[in-house]
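S.K.: In case you want the letters, here they are:
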Amino acid sequence: MNEAPDLEAYRRQARQWLSENLEPRDPGKASRERGGGHDSPAAYLPARALQKKIHQAGYAGIDWPTEYGGQGLTRAHARAFAEEARAYQTPELGHAGGTTFGPVGATLLKHASADFLTRHGPKILAADELFVQLFSEPAAGSDMAGILTRADRDGDDWVITGSKIWTSGAHYADYGMCLARTNWDAPKHRGLTWFAVPLHAPGVIVQPIREITGGAEFCQEFLDGVRVSQHEVIGEVDAGWTVAQTMLLAERGSGREDPVNMPVTQPQTVDPVLLRVAEEAGRRQDPVARQAIAKIHAGQWARGQLGTRIGGLMLAGGKPPAGLASYWKLAEGMRVPERARLLLEIGQGTPLTWEPGAEGGDDVANEYLNSRVWSIAGGSNEMQRNAISEQVLGLPREPSFDRGKPFREVTRDARNWK
Amino acid sequence: MDPELSDDQRLLLEATESFIKAALPLARVRELIDAGPADAGPADAGPAGTGPAGTGLADGPAYRKQAAELGWFAFLAPEDLGGGGVSGEGLRDAAIFAELRGRSLQPGNFIDTNVVVSALTAHGSAQQREEVLPALVAGEAAAAWAVADPAGDWSGPAGVTATEADGGYRLSGVKDLVTEAQAADWLLVTAAAPGGPAQFLLPASAPGLTVEVMPGLDLTRRLCRVRFDDVLAAPAAAVGEVGAAGPAIAAQLDVACVLSVAETAGAMQYLFDLSLQYSKDRIAFGRPIGSFQALKHQLADTSLAVELSHACATGAAKAVQAGGTSPGGAEAASLAKSFIGDAAVEVAHKSWQIFGGISYTWEHDFHFYLRRLTTDAALYGSPAWHRERVCQLAGV
Numbered sequence: 002m003n004e005a006p007d008l009e010a011y012r013r014q015a016r017q018w019l020s021e022n023l024e025p026r027d028p029g030k031a032s033r034e035r036g037g038g039h040d041s042p043a044a045y046l047p048a049r050a051l052q053k054k055i056h057q058a059g060y061a062g063i064d065w066p067t068e069y070g071g072q073g074l075t076r077a078h079a080r081a082f083a084e085e086a087r088a089y090q091t092p093e094l095g096h097a098g099g100t101t102f103g104p105v106g107a108t109l110l111k112h113a114s115a116d117f118l119t120r121h122g123p124k125i126l127a128a129d130e131l132f133v134q135l136f137s138e139p140a141a142g143s144d145m146a147g148i149l150t151r152a153d154r155d156g157d158d159w160v161i162t163g164s165k166i167w168t169s170g171a172h173y174a175d176y177g178m179c180l181a182r183t184n185w186d187a188p189k190h191r192g193l194t195w196f197a198v199p200l201h202a203p204g205v206i207v208q209p210i211r212e213i214t215g216g217a218e219f220c221q222e223f224l225d226g227v228r229v230s231q232h233e234v235i236g237e238v239d240a241g242w243t244v245a246q247t248m249l250l251a252e253r254g255s256g257r258e259d260p261v262n263m264p265v266t267q268p269q270t271v272d273p274v275l276l277r278v279a280e281e282a283g284r285r286q287d288p289v290a291r292q293a294i295a296k297i298h299a300g301q302w303a304r305g306q307l308g309t310r311i312g313g314l315m316l317a318g319g320k321p322p323a324g325l326a327s328y329w330k331l332a333e334g335m336r337v338p339e340r341a342r343l344l345l346e347i348g349q350g351t352p353l354t355w356e357p358g359a360e361g362g363d364d365v366a367n368e369y370l371n372s373r374v375w376s377i378a379g380g381s382n383e384m385q386r387n388a389i390s391e392q393v394l395g396l397p398r399e400p401s402f403d404r405g406k407p408f409r410e411v412t413r414d415a416r417n418w419k
Numbered sequence: 003m004d005p006e007l008s009d010d011q012r013l014l015l016e017a018t019e020s021f022i023k024a025a026l027p028l029a030r031v032r033e034l035i036d037a038g039p040a041d042a043g044p045a046d047a048g049p050a051g052t053g054p055a056g057t058g059l060a061d062g063p064a065y066r067k068q069a070a071e072l073g074w075f076a077f078l079a080p081e082d083l084g085g086g087g088v089s090g091e092g093l094r095d096a097a098i099f100a101e102l103r104g105r106s107l108q109p110g111n112f113i114d115t116n117v118v119v120s121a122l123t124a125h126g127s128a129q130q131r132e133e134v135l136p137a138l139v140a141g142e143a144a145a146a147w148a149v150a151d152p153a154g155d156w157s158g159p160a161g162v163t164a165t166e167a168d169g170g171y172r173l174s175g176v177k178d179l180v181t182e183a184q185a186a187d188w189l190l191v192t193a194a195a196p197g198g199p200a201q202f203l204l205p206a207s208a209p210g211l212t213v214e215v216m217p218g219l220d221l222t223r224r225l226c227r228v229r230f231d232d233v234l235a236a237p238a239a240a241v242g243e244v245g246a247a248g249p250a251i252a253a254q255l256d257v258a259c260v261l262s263v264a265e266t267a268g269a270m271q272y273l274f275d276l277s278l279q280y281s282k283d284r285i286a287f288g289r290p291i292g293s294f295q296a297l298k299h300q301l302a303d304t305s306l307a308v309e310l311s312h313a314c315a316t317g318a319a320k321a322v323q324a325g326g327t328s329p330g331g332a333e334a335a336s337l338a339k340s341f342i343g344d345a346a347v348e349v350a351h352k353s354w355q356i357f358g359g360i361s362y363t364w365e366h367d368f369h370f371y372l373r374r375l376t377t378d379a380a381l382y383g384s385p386a387w388h389r390e391r392v393c394q395l396a397g398v
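Line by line, the protein sequences are chains A and X. Numbering follows the numbering used here, with no gaps: position 178 of the first sequence is 179. Numbering follows the numbering used here, with no gaps: position 354 of the second sequence is 356.
It is worth saying that the hints were derived from the structure and are not from the lab. In this text, all values refer to a predicted model and were calculated from it rather than measured experimentally. One should not assume that every hint holds.
[Claimed, not checked] Sample of chain X residues at the chain A side, in silico, Cβ under 10 Å: (1) 302; (2) 318; (3) 377.
Built from N, CA and C at the ideal position, the CB exists for glycine as well.
Could you put the whole structure together from the sequences, leaning on the hints where they help?
M.R.: In structure tokens:
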């Protein structure tokens with residue numbers, strides 16, 4: 002196709018194809034993406050097949066270059082298809098699908114070589130290759146550039162050894178986009194490289210992490226002398242931090258949710274869980290419990306208002322968007338644990354135990370256990386406070402003891418800290 | 003400030019900022035505070051706004067007239083008196099101005115006068131709308147709303163009863179926390195009448211009505227106790243139907259909350275900006291104290307609280323503007339008031355720590371803001387009072 006098809010014609014064509022080929026979406030059906038990671042790889046085969054069908058029909062990678070398996074059209078075309086597809090059951094590829102078609106896809110398009118994208122692109126778009134992110138390590142979370150996984154050159158290959166953690170979906174994905182240290186003499190940010198690591202390669206062990214809630218949504222990976230071709234480097238050797246920043250920016254865009262627009266004349270519905278817990282404790286009329294209910298309710302309402310305000314500030318352009326996004330993240334990281342604690346207080350002792358097998362009996366306890374996930378993951382409260390104070394408020398950056406030092410010396414000095 | 007202001011709103015804001023800067027900047031507020039007595043006795047009845055020398059913070063008729071020219075008292079008036087502000091959404095515009103007032107701790111009856119204007123517009127008799135409303139809008143007269151009892155019940159009827167008598171009703175009891183009542187020409191008082199709540203518009207000079215300026219924490223406003231000793235209210239003084247004023251009182255409280263939280267957000271922003279600048283200027287241990295992580299994190303949390311407060315103030319203004327007297331608007335007003343009341347005190351305390359020793363000097367502006375924010379939290383209903391109101395509105 003020499004010219005992009007007219008947008009309206011494209012939309013109509015997409016609508017036609019969708020109605021003939023996909024099932025209508027059933028809002029009642031629970032989405033697997035919110036699931037607890039208990040699904041086996043085989044459970045994702047139907048979704049992969051559906052994605053392949055969509056790709057073969059020419060509706061995957063709509064704005065990706067054709068050389069990489071895409072359709073070479075514009076973002077507007079991709080958006081039009083996405084809008085039309087909302088009414089249909091699209092492939093539910095879980096966390097790995099989210100990373101592949103989200104931050105990983107965006108980062109690969111920007112930084113991977115033409116050779117890499119020619120080989121991997123079509124397979125990604127057909128869901129033959131699902132990518133997860135191998136970023137955090139047991140030894141490095143907030144200090145993202147402080148990773149210890151190493152990649153050493155051996156002939157035409159690289160040999161990777163180390164451990165990664167908190168990867169969602171690794172148990173059924175095909176590749177990990179893996180950050181490793183390739184230069185120990187350079188300062189920490191300047192000796193990093195990304196690799197596409199096949200998760201079924203010899204030397205790779207993927208292990209589910211048993212979490213405090215009893216679930217196992219996340220995995221830990223052990224890489225023991227994993228051999229990867231030099232052609233599987235993503236971006237330039239030792240220039241991985243630039244690639245990382247693209248990835249982080251791509252992830253941040255997906256953070257904020259717009260508030261649900263309730264009709265203004267009606268009071269905002271109080272979360273039924275709050276009422277249920279108060280009732281079970283016989284405290285619906287207890288003024289102390291009512292104060293706690295109203296506090297949680299006010300926090301929820303304030304959150305919605307903040308989302309609207311941040312959206313407006315981002316459009317107005319006076320402050321850096323990454324800093325503004327930090328307000329949202331920090332607000333949630335503070336609100337959610339506060340809510341969970343208040344909920345337990347409302348229920349007094351009643352949510353602490355439940356009837357064996359009771360449906361939802363452990364809701365409050367589970368909410369409590371999960372309550373600090375977003376205070377810690379995706380940029381902890383403390384990191385958000387650094388970002389707000391430095392990028393928005395203009396306060397000085399943290400003094401650094403490792404910024405210019407060869408990384409080799411950093412770990413040595415850290416262990417001898419006085 | 004709401005990032006979505008129109009050009010018209012921006013223009014009027016600039017005019018207001020200029021007015022405040024010229025007429026009553028913070029330095030002048032300080033002068034008035036320092037000129038007044040350390041404690042105040044009962045205010046002499048005098049022509050509104052002039053007050054006897056020594057009531058300290060009377061904002062004066064000139065100030066009020068100029069403010070009126072900027073439309074400060076017209077927002078909630080009928081259209082033929084200039085109501086609707088610049089945007090056609092009078093309450094939202096009024097909230098924008100309230101924020102500027104809060105920034106520089108302006109005294110005066112802005113909130114109460116607007117509440118009374120809204121009350122007369124919605125429920126006033128023809129006579130009240132003809133004789134009183136235009137004077138309020140023009141800044142020729144000021145009004146105060148006597149609604150809370152000394153125990154802090156803001157639902158309306160508490161504190162004063164109205165019993166039927168010859169010539170109308172006799173009002174007896176005490177109202178408290180009435181803003182700048184000593185400078186008011188008119189008092190709108192809510193009372194418990196036979197059959198339900200009632201409101202009466204009385205001249206401040208009514209026999210049996212005593213206004214006592216109370217010494218208080220907030221130095222930028224006078225809060226008064228108003229005693230009613232068998233005060234006669236003629237039937238013509240009633241605002242709306244006697245015994246059925248409940249919905250009107252609730253709607254007025256929503257208006258007061260929207261304007262109050264806007265003032266509070268403005269004051270919070272100013273205090274935060276002051277503390278942020280201080281943390282950049284103050285040196286200790288060889289570097290600005292704002293470079294220490296403990297303070298950076300405090301300031302980040304405080305900044306978030308200020309942003310949340312602006313967001314809630316805007317949300318409440320929108321909801322009450324659009325929702326009118328609906329439970330949705332009322333709930334939003336109380337959600338905002340309870341949230342921002344708590345946040346205001348929190349921000350004041352965090353700033354207190356940032357300033358360190360200097361916060362304990364009279365000469366530093368910190369304590370003026372501390373006093374105002376702490377009082378804001380309780381005026382028109384404390385956070386806890388409003389949380390219970392939320393529960394009732396939301397059917398908990």
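S.K.: Against each hint, give a clear statement of whether it holds in the structure.
M.R.: To see whether the hints hold, each was checked on the structure:
no.: 1; hint: 302; verdict: 4 Å, holds
no.: 2; hint: 318; verdict: 9 Å, holds
no.: 3; hint: 377; verdict: 21 Å, violated
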